[in-house]
Amino acid sequence: MSPVADHDPRNAGAGFAATLRASRLARGLTQDELAARAGLGVRTLRELERGRVARPQRNTVALLADALDLTGPARDAFLSSATSRASLPPNGGRHDNVARRSRAGKPADVVEPPVLARLDPPLPAPSHAARTALPLPTMPPLVGRDADIAELLGRLGTQSEVIALIGMAGVGKSGLAHAVAHRAVEGGWTAVSVTVVNVSEPTDIFSAVAAVFGVARAEELGERFGDPGAPPALLVLDGVDRAPRAALEAIAWLRARVPAVRMLLTSRQPLAGVLPGALDWQVQPLEVPVGRRLEPAALREVPAVALFVERLRAVRREPARDDELPTIAELVRRFDGLPLAIELAAARGRVLELGELLARYGNRVLDLAATDPAGRRLRDAVADSYALLAGHEQAALRRLSTFRGKWSVELAEALLDGVVDDVEAVLDRLVGLGLVSVRGPGDLRFRLLDVVFDFAAERCADAGELRAARLRHAEVVTRTVVRTSAELTGPGTAAAVLRLDYLNSDIRTALRYTSVREPELALRLAGAIPRWCRLRGRDVEAYQLLHRLLRDRRTQGCDPATRAWAQVGAAMLATAHGRGVEELCATEAALLVLAERGDVTGELTARALLAGIWQALGGSDQARAHNEAALTLAIRAGRPREIAVAQSNLAWHDVLAGDLGTAGRRLEGAGRRALDVGDARLRALTEANLAEIARLDGRFDEAIALARRAATAIAEVGDPTHRVRVLGTLGQAYAETGQVGEASAVLAELAAVPGSAGAAALVTGYLALGRGDRPAAAAGFETAANFLAARDDVRDVLEALVGLAASAGPAGRERALSDLAGVRERSGIRLLPREHRLLDAEFGRTDEDPLVALVHLPT
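In my numbering, the protein residues as written are 1 to 859.
Simulated from the structure, these hints should not be mistaken for lab results.
We treat Cβ as the ideally placed atom computed from N, Cα and C, and that holds for glycine.
What follows is a set of in silico ranges between Cβ atoms, one per label pair, in the way DEER data are often shown: (1) N363 <-> P141: 25 to 31 Å; (2) E295 <-> R553: 48 to 54 Å; (3) V290 <-> N363: 19 to 25 Å; (4) P141 <-> A495: 42 to 48 Å; (5) T138 <-> A36: 14 to 20 Å; (6) D69 <-> E186: 17 to 23 Å; (7) E668 <-> R439: 41 to 47 Å; (8) A314 <-> R439: 27 to 33 Å; (9) G291 <-> P231: 41 to 47 Å; (10) R553 <-> T712: 44 to 50 Å; (11) R360 <-> S80: 51 to 57 Å.
Using the sequences plus the hints, can you model the full thing?
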């Protein structure tokens, strides 16, 4: 059948029309954009593409070639098509694929190649040595993607025929695709690029592919690349999701007819499900700096920083200085490494200082826009991906914006219960679109990109869902934290601490909201985290919150067990920073509630805390009573770990009685139980206590070995309170044996741990005493006694007073001995032989010495 034309088929404009349209589409330009570039009217361009201009003017064709960036053979072919005779495609240049397939008697699901504009005489088939392909688009230098480029090239060369680069707008898909293409050309490939636009039809794509490869018809591609000796070829099809139906039809035809051509596609949506054999490659944002103390040279190597520095150099004369790098690092962190955000912000560096950029856009990333008046904001780019979601998927994304840190599938299911049915499917969709990133191992690996978080939070507020979403988030976080906190003792301690660390931002967010809106829920959440806060050195902050919530009138009528647990948590935190006595009465009352409820864990925790508070006050009888009751309860409940804890605590009563042998045997038994239940932290604590007993018994080498091993284990857990105690034991053992350098190193380590002033002062006192500097020793021991009084173990206070009495002048000695006698009388502590020897050596003791008689009460 002859082609139907609405004018003379000898018209040269017909062949030029097809070439012009294919070249424009290959550049991804609309008619308006190309007309503006060439300085022509849009109507003129439309007439040219319809083949209605018999003889296009030479000057017009040249302007169009310039606007299309055509050079070399590609420009020559373009110019010659304006003077060649040609035949029109069916329907006067408009391809109706359905009608064509119907006329040919083909089924609707079979895609046939279009009838392309044919040049007369036809262009000679290009040789491999002289290709007529259009040049690839010139892209800015790509930063931070070298590994991706190398891997993509390797896969295209050996494994994958089609790779789809997927991700949200602005993540750098097009830049990466064209960087791969340029690198392929350097390696001897033929590489070309076609941009899909919203109005593309399959025939448009066929025409564009033929044009960029430098052939007259798509059918000739098979001949050109069917030769085994032909160089490998790569087609970049950019923006497949803009016209997916047309692009997929064209890809299917090309794969069937030209299997030798590899394809690299870009799309905001995954394509593997609709393109059999295709590989979806998720393009991630650039790596951002981790940590706050990186050296300038290291910062410049971080990809996100390197990109910002590179783009900033394009808009201002001087390069980024080293003192500006921390601000740049913070900026790219706020931008989450998203290349589009980084480039938009760097372009603002022409008029804004970096500090101004951070202040203006650090919390308004979505407002970043191109510097030209018609430029789109970053918000628009995110909105494009959001618009691809179905209604229930958008609702899920809005609610997921309440998570501030990483989250798991389980947490997402709890949050989205009642919103979506298949949470896994929705997450797969969000990950596929690049709106949710997956980072790191373990279940807590999902998070929203920061710009997506901001956008979804705005939409959540606009939809009137914010209050309900925040409450639901707080409820989910509270349930998770309560369950996880129960694992903070025992073998799972390290894993539970790490899990809560990951949830830190969400815990803080939930507490901020519920403290104002839902104080009872806030009390339950705050009451579950004291042990974690203590392990992480956040005692004061957490105590202040619990103290405020317990006194909030709105929590007075809540569940007594909730209040009791919160009170026990407050006592735990208060004890850690020397204010346990303030919580004594309220904690005794909480113990009664927990015992009445049959809460074994709560009662054991409360009794251990109360024993510690009484021990610091010198109430050894009360402390022993709580520890013995805890041991009885732990045995009755069959709780081997708690049995070990009670045994360890009772060992200190043996120390107070001067029976170091029995104390050591108790601790060894507790250590074996800790080993049996696999509790590394409890094992380390028993070793720390054994180290202290060895020191008190004068076995310094053993004390040092035990303390060093325990200090390492406790530091890994992150328990600052017990770390101070074991470092104090180690430092004192070094000081008492004259190992000045080692003791000084321990002092430096203690200085970095909060609440270590008393232990450090004891070490300082022993060091001064060892070098014969009695005034300095007295100052150190007096400082230690003042810091430790009513704060830590009363036995530590007694040791400081003995050291003060042994080193102070007459007046200071008399006060120290008086205080020492008072402590002993209240607590019933017996002096150890080493303390007797220290005092005897200093005073030259006689039975008639009145000062020494104060110390040597009956033993």
